[in-house]
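K.L.:
What follows is each chain in one-letter form.
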Amino acid sequence: MVDKRSLRSSKRTDDNNKNNDSSSSNNKPSSKPTRSSSRRTASGASKKTPVTENTEKTTEADKQPEPPVEDTQMVGVQEPKKDLSGDVEMGDDTIDKKEDGTTEEKKEDPAVTTYNEIKQNFTLLERAVALFDSRYTLRVLRSIASHRRKVTAEIISKVVQDYYPAGHEAADYLLQQIGQTQSTMDVDESSQDVLPEVDVYLHLLVQIFLLDQKQYEQGAEFSSQLVEKVHSLNRRTLDALASKVYFYYARFFELLPAPAITNIRAQLLASLRTATLRKDVDLQATLITLLLRNYIATSDITQADHLVNKTKFPESAANNLIARYNYYLGKIKAIQLDYSGAHEQLVSAIRKAPQTPAAAGFLQAANKLNIIVELLMGDIPDRATFREPRLSKALHAYFLLVKAVRVGELEAFHTLLEQHADTFKRDGTYTLVLRLRQNVIKTGIRMMSLTYSRISLRDICIRLGLESEESAEYIVAKAIRDGVIEATLDHEKGYMQSKEILDIYATQEPMEAFHSRISFCMSLHNDSVKAMRFPMNQHRLELKNAQEARERERELAKEIQEGEMDDDDGGDFDAL
Amino acid sequence: MSNLQSLHQSLVSSVSKKDYETASKQLSQLKIALLQHNALIPSADVSADILVGSREVLEIGAIVSIHLGDESAFLRYYAQLQPFYASQALNKSPSKNKNKIVGLYLLLLLTKNNIADFHTTIENIPDVEQDVFLGYPVTLERWLMEGSYDKVWLATKGSRVPSEEYAMFSEVLVGTIRHEIASCSEKAYASLPVSNAKQLLFLDSEGAVIEFAAERNWEVRDGRIYFPQEEADKASLSSQSIINYAIGYAQELENIV
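In the order they appear, the protein sequences are chains A and B. What the first sequence shows, in numbering that gives the first Met the number 0, is residues 0 to 575, in sequence order. What the second sequence shows, in numbering that gives the first Met the number 0, is residues 0 to 256, in sequence order.
It should be emphasised that the hints constitute simulated quantities derived from the structure, not laboratory data. Fair warning: this is a prediction, and the values are worked out from it, not measured in the lab. Possibly wrong hints are sitting among the right ones.
What the hints assert, rightly or not - Below are the DSS-like pairs computed for lysine-lysine, each with C-alpha atoms no more than 27 Å apart in a straight line: (1) K197(B) with K492(A); (2) K228(A) with K351(A); (3) K278(A) with K213(A); (4) K16(B) with K111(B); (5) K186(B) with K492(A); (6) K97(B) with K424(A).
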């Protein structure tokens, strides 16, 4: 393990020196010579520099308390980086490289950086396998987001050729996929075994690369083969990687024309079965969400509902997956008219969703649905939701909708529906919005019942824009039965008489409301306690310490009894 | 094959003669024949022509079962038709009767007050309102939900119904809305003259009103219906639940401490 790493770092030093020789004239000469040497020894120094790293990564790292030793190592991995200009530079790079093809040594810095980072990830993966700790794998996966923007076919081909022994069939296959040929470059580490984790990681990089290049057909085929490969491997350290593979697999098929999306269901279901048998929590959660997404995309709500009923979503799944699962559940329940259930799911989806800019799309979709569900329940959504900068633009049509429903004007509601029908259809909320008509009527009746103590049915009919007085009478009667208003009707004289408003604080309502909040806080507390993580085997150490302390105490007591206590023992006592 | 076609022919002829009893007997024979041709479920190795034929047979079966008033048979046919409608191979020759069958299914769900399934089914159909057969149950549902019972009543009258199969449900629907109106009236009115009640409940005579009132335990006095007043009992706070909550909180607090 340690040997490999030192081997690697020495190789990297070589690489860097080579690059340094050739490109020392470029704009970043000073940081390089120190970098390779300082990686192992003075990692503290380089720790300060990666402040400009992708924010997502640093926040993620902040969230998870790591043992300090690993932390410095991890941060040390990151190259000291320049700001966004790195991206622009890279564009020039690739053009340069395409011109002179084989001269790989003449690479500009960002490409090398990415290359090195990817190589560094191999080490992390190896460590993940050796220590059986999925955190290293997760770290690698997190870095994908930042690499994604920089990776080029050349970088992948170089990494691939470096890692696989010469003539390895997977290497040829991968290169073929990204349209590169095996170059004649010497391969240093040909003696090394191919680790399945690294193998899959490289495949994943190629998969994402194809997605970014919009080569959907090819990507779909590639993914299908990759999924088969992953499916056949049974390694727990592979779980996190595998779920990513499936995610992109489903994404490819979603982007292909219509029938493709239904064709992957069988594979997903089969994989779900296997994952459940293997107790592969990551993959299980990913697959369930993917399947739900798949079903909802084709509006097969019944099937989605069956899936939810027949499977158990793993509670220990990643937060993002839980949020996604909650959102889909909310959608299913909203369609099935279980609005309060849907509301619960959607609220927890919104709360659990990551607050990074990357998740804005998800938040918008969840909020849109939530607003409609709240309206359908007869509530008026919080105005603050519409003021949030990330949401305000996307939610504009919904804002108008809320206004129309709140006032209870049927006319305004209908014109709005016509104007924004396309928006609602695109968001997949149109059928739900159509159901709001009755709510508009109900709010209208409620407003009138609150305003007037007695109002004739004719006036109600005119104000609501209804067609006949009979309709108005039936509608009001229904509203009374459904508990929307407290009133009575007089048929012969044709008016509605409002009852006096009940004092809500005399009923059980406030207590129920408090109870639901208290139980929410309680479950939040309990979940937080459950979510705490402790280093493995730490308790044994503590037990041992306690044991030692007890023994020392006993000795101490003995010595005190014997009256021979000296200063050293006193120091020990303090340490307790 | 020829057997299948001749059976199919005779089925069509007996349906056109409205001889549904014979048709249902022929249907069971046909289904066995289809099973022998492996055409009861669409699969790639059966030719599309036969599948179109079997789809038609199943559709006729569904309509016949509506005429015979056999709901569970209709639901079975509907379930059997689903793979045919979803099949890619048959998309080239879409069924003319599909919307009618789905519309009937929606109406059936509506009469059973199964609104959740109703909406789930609608979710799958694009442009519901454009089609006569599909638009009918959808508008009915909307009126039922908002309470425009008079419109529902008018819609179930003969001329407004899109096809004779739909009329089969009218009776049930009127029954449903009548009970809806009755339960609304109980809450909304203190009392109601019998003549007005007749009008409200869409009943034919005052005698029918009195019968209906007896059914729902309404009191009829001096030509007026008096609805039973519900007793107000929600004001009392139940101590049981308060105690339960308090004990729950205490337990949680103890866990934390």
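K.L.:
With reference to the structure, classify each hint as holding or not holding.
P.N.:
Cross-check of the supplied hints:
1. K197(B) with K492(A): holds, 17 Å
2. K228(A) with K351(A): Since the Cα atoms of K228(A) and K351(A) sit roughly 33 Å apart, the hinted pair is violated (cutoff 27 Å).
3. K278(A) with K213(A): violated, 34 Å
4. K16(B) with K111(B): violated, 30 Å
5. K186(B) with K492(A): Given that 27 Å is the threshold and the Cα spacing comes to 17 Å, the pair holds.
6. K97(B) with K424(A): holds, 24 Å
Going through the hint list in order, the structure does not satisfy hints 2, 3 and 4.
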